[in-house]
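**Q** Take a look at the letters that make up each chain.
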Amino acid sequence: MNFVLSLVFSSLAVLVVVLIPWIGVGALNLKILFGVVIPYAALATFIVGIIVRVLDWGRSPVPYRIPTTAGQMWSFPWIKSNPIDNPKGTGGVVVRMLFEVLTFRSLFRNTRLEYSKVDGVPRINYEWEKWLWLAALLFHYSFLVIFLRHFRFFMEPVPGFVTLLESLDGFLQMGAAPFNGFGLPGVYLTDMLLMAAVTWLLLRRILYSQIRYLSLPADYFPLLLILSLGTTGILMRYLLRVDITKVKELVIGIFKFSPVVPDGIGVIFYIHLFILCVLITYFPFSKLMHFAGIFLSPTRNLSNNNRFVRHVNPWNYPVKFHTYEEYEDEFRDAMIEVGLPVDKGAKTAEEGEKE
Amino acid sequence: MYDGGKIIVGLIIGIGLFLSPFIYNAGTAAKPPDPQLTKKAKEAKVCVAPKAYMRESHFKMLDEWRHTVVRDGERYYKAADGKIYYKSLQVTCLDCHSDKTKFCDQCHNYLSVNPYCWDCHIAPEEKK
Numbered sequence: 586m587n588f589v590l591s592l593v594f595s596s597l598a599v600l601v602v603v604l605i606p607w608i609g610v611g612a613l614n615l616k617i618l619f620g621v622v623i624p625y626a627a628l629a630t631f632i633v634g635i636i637v638r639v640l641d642w643g644r645s646p647v648p649y650r651i652p653t654t655a656g657q658m659w660s661f662p663w664i665k666s667n668p669i670d671n672p673k674g675t676g677g678v679v680v681r682m683l684f685e686v687l688t689f690r691s692l693f694r695n696t697r698l699e700y701s702k703v704d705g706v707p708r709i710n711y712e713w714e715k716w717l718w719l720a721a722l723l724f725h726y727s728f729l730v731i732f733l734r735h736f737r738f739f740m741e742p743v744p745g746f747v748t749l750l751e752s753l754d755g756f757l758q759m760g761a762a763p764f765n766g767f768g769l770p771g772v773y774l775t776d777m778l779l780m781a782a783v784t785w786l787l788l789r790r791i792l793y794s795q796i797r798y799l800s801l802p803a804d805y806f807p808l809l810l811i812l813s814l815g816t817t818g819i820l821m822r823y824l825l826r827v828d829i830t831k832v833k834e835l836v837i838g839i840f841k842f843s844p845v846v847p848d849g850i851g852v853i854f855y856i857h858l859f860i861l862c863v864l865i866t867y868f869p870f871s872k873l874m875h876f877a878g879i880f881l882s883p884t885r886n887l888s889n890n891n892r893f894v895r896h897v898n899p900w901n902y903p904v905k906f907h908t909y910e911e912y913e914d915e916f917r918d919a920m921i922e923v924g925l926p927v928d929k930g931a932k933t934a935e936e937g938e939k940e
Numbered sequence: 691m692y693d694g695g696k697i698i699v700g701l702i703i704g705i706g707l708f709l710s711p712f713i714y715n716a717g718t719a720a721k722p723p724d725p726q727l728t729k730k731a732k733e734a735k736v737c738v739a740p741k742a743y744m745r746e747s748h749f750k751m752l753d754e755w756r757h758t759v760v761r762d763g764e765r766y767y768k769a770a771d772g773k774i775y776y777k778s779l780q781v782t783c784l785d786c787h788s789d790k791t792k793f794c795d796q797c798h799n800y801l802s803v804n805p806y807c808w809d810c811h812i813a814p815e816e817k818k
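From first to last, the protein sequence lines stand for chains P and Y.
All the letters of the first sequence, read from the start, carry residue numbers 586 to 940 under the working numbering.
All the letters of the second sequence, read from the start, carry residue numbers 691 to 818 under the working numbering.
It is worth saying that the hints were derived from the structure and are not from the lab.
Just to be clear, a hint being listed does not mean it is correct.
[To be verified] Only pairs whose alpha carbons sit at most 20 Å apart, straight line, appear in this in silico EDC-like list of lysine to aspartate or glutamate:
| # | chain 1 | residue 1 | chain 2 | residue 2 |
| --- | --- | --- | --- | --- |
| 1 | Y | K696 | P | D914 |
| 2 | P | K831 | Y | D724 |
| 3 | Y | K729 | Y | E815 |
Note that the coordinates shown come from a computational prediction; the quantities given were computed from them, not determined experimentally.
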């Protein structure tokens, strides 16, 4: 699919996702469906889907270690090795995984191929490209903070870490800026960072020709979905207010398995909720599973011990073999008779005669 | 399963974190807040704006009031029904809503909202 079509296709899909609850709640008043039934179904799909996929990955054999590393392997004590990039034991692997999961170290090594002309001669350059890493890091951490901040709706009483995050996230007090109407004291940094980062992650797929060529609807769709999730959330917080006390009653009802659907929550909330439901339903079937997959990356989570630990290929066929020893035992007499050399020759033969 | 033990432990931790609200809320009463109006507020029957708007966006109005009063010196607010109100948190709002713990704090605590009103304004004294 060419990129315009992909983009149009995914935008339309997101538009449909936004329109469904808009019509469903706004016009048809299906509050129980959109406020209770669909969230439960989405959450169940999310949890079961992740379990099934991870167990499926866990069943895949790992025949040997794949040493795609960026460091010297451990060999002799007098050769300096790199214990983190090329670990020989569990300790190094744990450190490598922590760097990978928390700081996206592989992405940090990202380079970008670029053509340039030096004195009229075309040349290939590998650019030191850090924008993807930066945007990815900002996006993931912002998303995490926003998700954790939402725990003020999920938990009653509100746990301390949520209050702490809120005060840290809103410490600039940008709402005190001199515009009327945008007048919330706690304008959160992460809201802005997330939107900026996702916008960049989307733009790079459109602007860079190589990435445009690689991008599919499966790449655009989650980005657009998250973008619309963020947009509805920001709209709801700063502009189209909803009664969040009632929102929390609904959410707590879901978590206590005694769902209630209070009246008077604006449609924008149901749109936000439905986008989230679509996102988490889509999650186990999509590239978003890198969330669990990063922990199972074979090139990152296995120590490079191929040279001193034997790894037996788990799908090896149980080969029936007949060793030379057994062969000799079987034909020894005949071999001695025709004068062929034997390993355990005379002695065994003599013992045989004695019997 | 290859490395099944580790994978299953990781899976349980991950899924457990996602399901933590279910576990956390299981033991708590989690009663919705119950803001109480004072006698004076009940008698007045109307606020400066309709109840639904006040529930959703009262702080937006407070912010606008602060902005227009402090920066522009406009002290009067014309409500939708034509009534004129003096724009002041302490003089107008807290005149009726004088019970902070039973009114303001009810929802604010429920949703972990920490407005900085009281950095400058004096919270009304409450009759015990």
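**Q** Does the alpha-carbon distance linking K831 of chain P and D724 of chain Y stay inside the 20 Å limit?
**A** holds (12 Å)
**Q** What's the verdict on K696 of chain Y and D914 of chain P, does the C-alpha distance respect the 20 Å limit or exceed it?
**A** violated (47 Å)
**Q** Measure nothing beyond the straight line between the CA atoms of K729 of chain Y and E815 of chain Y; if it is 20 Å or shorter, mark the hint as holding.
**A** Answer holds: K729 of chain Y to E815 of chain Y is near 16 Å, not above 20 Å.
In summary, the one numbered hint that this structure violates is 1.
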